[in-house]
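The task is simple: from the sequences and hints, build the whole structure.
Protein chains: 2
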Amino acid sequence: MAVRLRQVPQDATPVCAPTERIEAFLEANNLETPFVVVDLDIVVDRYRQLAEALPMAEIFYAIKANPAPAILELLVSLGSSFDVASPAEVDMCLAAGADPSRISYGNTVKKRRDITYAYERGVRLFAFDCDAELDKLIELAPNATLFCRVATDGTGADWPLSRKFGCSPERATALLVRAAEKGHQVGLSFHVGSQQRDPVAWEAALASVGHVFEQLRDQGISPALVNLGGGFPGHYSNAVPAMREYGRVINAALARYVGDDVPRVLAEPGRYLVADAGVLQTEVVLVSRRSLDDDLRWVYLDCGVYTGLTEALGESIRFRIRTPHDGGPTGRVCLAGPTCDSADILYEHADYQLPLALEAGDRIEVLSTGAYTTTYSTVGFNGFPALRDYYLPAQNL
Amino acid sequence: MAVRLRQVPQDATPVCAPTERIEAFLEANNLETPFVVVDLDIVVDRYRQLAEALPMAEIFYAIKANPAPAILELLVSLGSSFDVASPAEVDMCLAAGADPSRISYGNTVKKRRDITYAYERGVRLFAFDCDAELDKLIELAPNATLFCRVATDGTGADWPLSRKFGCSPERATALLVRAAEKGHQVGLSFHVGSQQRDPVAWEAALASVGHVFEQLRDQGISPALVNLGGGFPGHYSNAVPAMREYGRVINAALARYVGDDVPRVLAEPGRYLVADAGVLQTEVVLVSRRSLDDDLRWVYLDCGVYTGLTEALGESIRFRIRTPHDGGPTGRVCLAGPTCDSADILYEHADYQLPLALEAGDRIEVLSTGAYTTTYSTVGFNGFPALRDYYLPAQNL
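So the sequences go chain by chain: L and X. Read in order, the letters of the first sequence correspond to residues 33 to 429 in this note's numbering. Read in order, the letters of the second sequence correspond to residues 33 to 429 in this note's numbering.
Check the hints yourself; a few may be wrong.
Simulated coverage check for chain L against chain X, where a stretch passes if three residues somewhere in it have a Cβ under 8 Å from a Cβ of chain X [to be verified]:
#, region
1, 107-120
2, 326-336
3, 405-416
Think of the hints as simulated: they come from the structure by calculation, not from any bench. The model shown is predicted, which means the values in this text are computed figures rather than measured ones. C-beta atoms are modelled at their ideal positions from N, C-alpha and C, and glycine is treated no differently.
Quick look at the structure:
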C-alpha cells in the first residue's frame, strides 16, 4: 500500500516543523552529521497535553523511547512516573532522581535476579502475562502490585504489537485470582500497538478489561489499577488525531466499562512525549539514477536503518523530510542509508518525492525523530558511529 | 515457507558444532550472557578452504561481518586483504597492520571527504556504480583502480542484495570507458547476495561480466580486475554446498567468460570466514504458553534482534540452536528476545522445535554466530547492553 508523502498533514494536527530553538541550534553549530537534536520544551508541551487529555491517568514515561538523562530529569521535575524494561533502565530512572515508587517494571519477560534487583531498590509494580512469570513475582516480589497484560489485536496501529505479549482475558482472570490469593494488589494492562492512529482501539481493549474486572469482583477481588499502555502517536507523514480525541474516547470508555472504583489509571506514553521534539540532521552522500532514462533517483544519506532510522524498516513509519530546496520541482526517490548493506533502505515503496535540485553535500532534516532513534542505533555497523544526540534545556517549565 | 529446523543438515556439509576449545571456554567461564565466543582456528580453516577453492583469487575480507581486532590481525598474518565501507574501517585495518595497498573501499556510496581520507592513507582501490560517484573518484583519487558494480538479481540468496546497489551492464561499460579515458585502471564487481546457496549465481554474473569485458576490449580497454563479491555461506539450518563446489563453478565460469588475461581476481568473503567460528550463549528468561490447551510455547531469551541476533529478522537466516536437553522430546516454539518490543521476535513462522524440558535459567547456544552479530547489536535498547564478544587465539597457524 503506497501512501504518498504529504508535505502538510491533511487534518488539523500541527505540522511539527523544527522549533525556532532547533533552527537556531542548527544554524549556530555546524555539527558532524548525522545527529538528532531534541527541544525539551516540546516534551513539556506534550506532557501537559497528555495530562490534560487524560486527567485521571498517572503518566509512566516508557523510557525505551529515549532514555537520555536530560529527558528523564525533566520528567522527574514534571512529576512523571516511569515504565522500565530492565535493571539498567531502573538505574537510569533512579539516577535521574525518580522515586522507586514511581517506577513500573512493565516488561513481562524478566530474569529472577532482575526482579530481585528492582525489588531491592524499591520497585513495587510489575507486569506479567503467564503462569511462569507470575510464579517468579509471587516468590520474589512480596506485596508488590502485579498487573497482567492482556492481548489485543493491534488493529489501526502502524506498528502492531499483538503477537509477542499478552494472554487472553480468561487466562488473565485466572492468573489475577491466583495473585490476589497470594495477597497482591492486582490490575490489568494492554497495549493497542505503537503509533496507534485510531483512538477507538482503546475502547475495544477497555471493554475487555471491564469484563475481566467484573469476573474479579464476582470473586470478591477489587482491581487496583488499569494500565492503558502506550501507542499515542508522533507526527509522521500519515495524519493522526489530536490528543484530545484520544482523551475523549478513553475517558468515555473508562467510565462505561471500568467504572469509578478502580483506584489507579496508568498510561505509558513513550513516542508521544519525545518523537516530535527531535529533529535528525543528515547529509546527502550521493544522488544517482539506475539508468539515464530513469526518472527515479536513489538518494543515499549518511544516516540509515543502522544509525537510528530503524523504524523506517518495513516503511510503515514514514518520517517527514525537509530539504534546502523545498518548494522547487520534485521527483520520485528511493531513500537509503550509507552502509554496504542492502537492507539499509529507508523508503523504496512509499513513493517519496524530493526536490530535483537535491545533491550530495546537502543537509536535510528528518522530523519527529526524538523517539526510537538513538537507542535503535547499532554500535557502529560498517564503521559508522552510533547516532549522536543533543538536548536543548526546557524553558517553559 | 516454513522450513523445519534440521538438527543435522541433510547434505554432507559439516554440522559445525562448537569446537572443543569453545566447549572448554564455556565450561571454564561462567560468563554473563549473552555473549559470542569466536574460535580463530575456524577462521584460519575457512581462509585456507577458500584460498584452495579459489586459487586465483585475492581474498579481501569484508570486515563489516566482524571487525574485531583479533580477527583482522589474524587475517593480516595470513596474507589477507580487506574490503572496507568507511573511514573508520580503513583505520581498523591499518591499526591491525594491513598495508593500505591491500584495502579496497568497496562501498559505492562515499562522501568526498571520506574518499580523500582513504586516498591520503594509501588506499588505491575504489568501487562505484553511477556517474556521480565516478565523478568524485576521478577528481579525488587520481591513478586509483576503479571498479564498477553491476546489478545481479540475487536469485538463490537468503538475503538478496539486488535493489540498492549496482547498475546495468550497459551503464557499467559506459562508465568504465569514461574512467579509462581519465587514466584509471578499471574493473567490474558484482554481488550475488549474502548467504548465497546456489553457486550457479556466480556463473550468471560472470557471463554478464564477460560481456562487458568484451565491449571494453572492443574499445581498446584492458580490464584490470574482476571482483567476485561475497555471499559465501555460513552453516545455518538450511544445508549449503561445500566451498569446493563454489570453487568448481566459479573457476569454470571465469575460464569460460572472462578468460586468462584479467590480471586480478578478487573475492570479498565476510560471513564465510567468521560465521561458523562463533557460538553465542544466551539464557532462557521465560517459557510460556498462551493458553493451557496450546502446545505452542513462547521461549524468551536474553538475546534478541536488538542484541546481535538481528539476522533472524524476516526468519530467512535460521540459526541452529543447541540446548542442555537435546535428545529429549521436543515441541513447537516461537523464539523471542528479552525486550518490550514486539518486533523483537526471532522465529515465529520457521517452525522451530525445542526440548519440552527447556526452562528459565537454561543456557543455550546459538551456532554459527561469528558474523553480523556484534556489529548489528544496538547501543543498548531497553537497557540491555551491546553483545559482548571473546576470541580464542589461533593455534593452527
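Now for the hints, and whether the structure bears them out:
1. Counting residues of the region 107-120 of chain L whose beta-carbon sits less than 8 Å from any beta-carbon of chain X gives 5, enough to reach three: the coverage restraint holds.
2. Closer than 8 Å: that is the beta-carbon criterion, and the region 326-336 of chain L has 3 residues meeting it against chain X, so the requirement of 3 holds.
3. Under the rule that three or more residues need a Cβ within less than 8 Å of chain X, the assignment of the region 405-416 of chain L holds, with 11 such residues.
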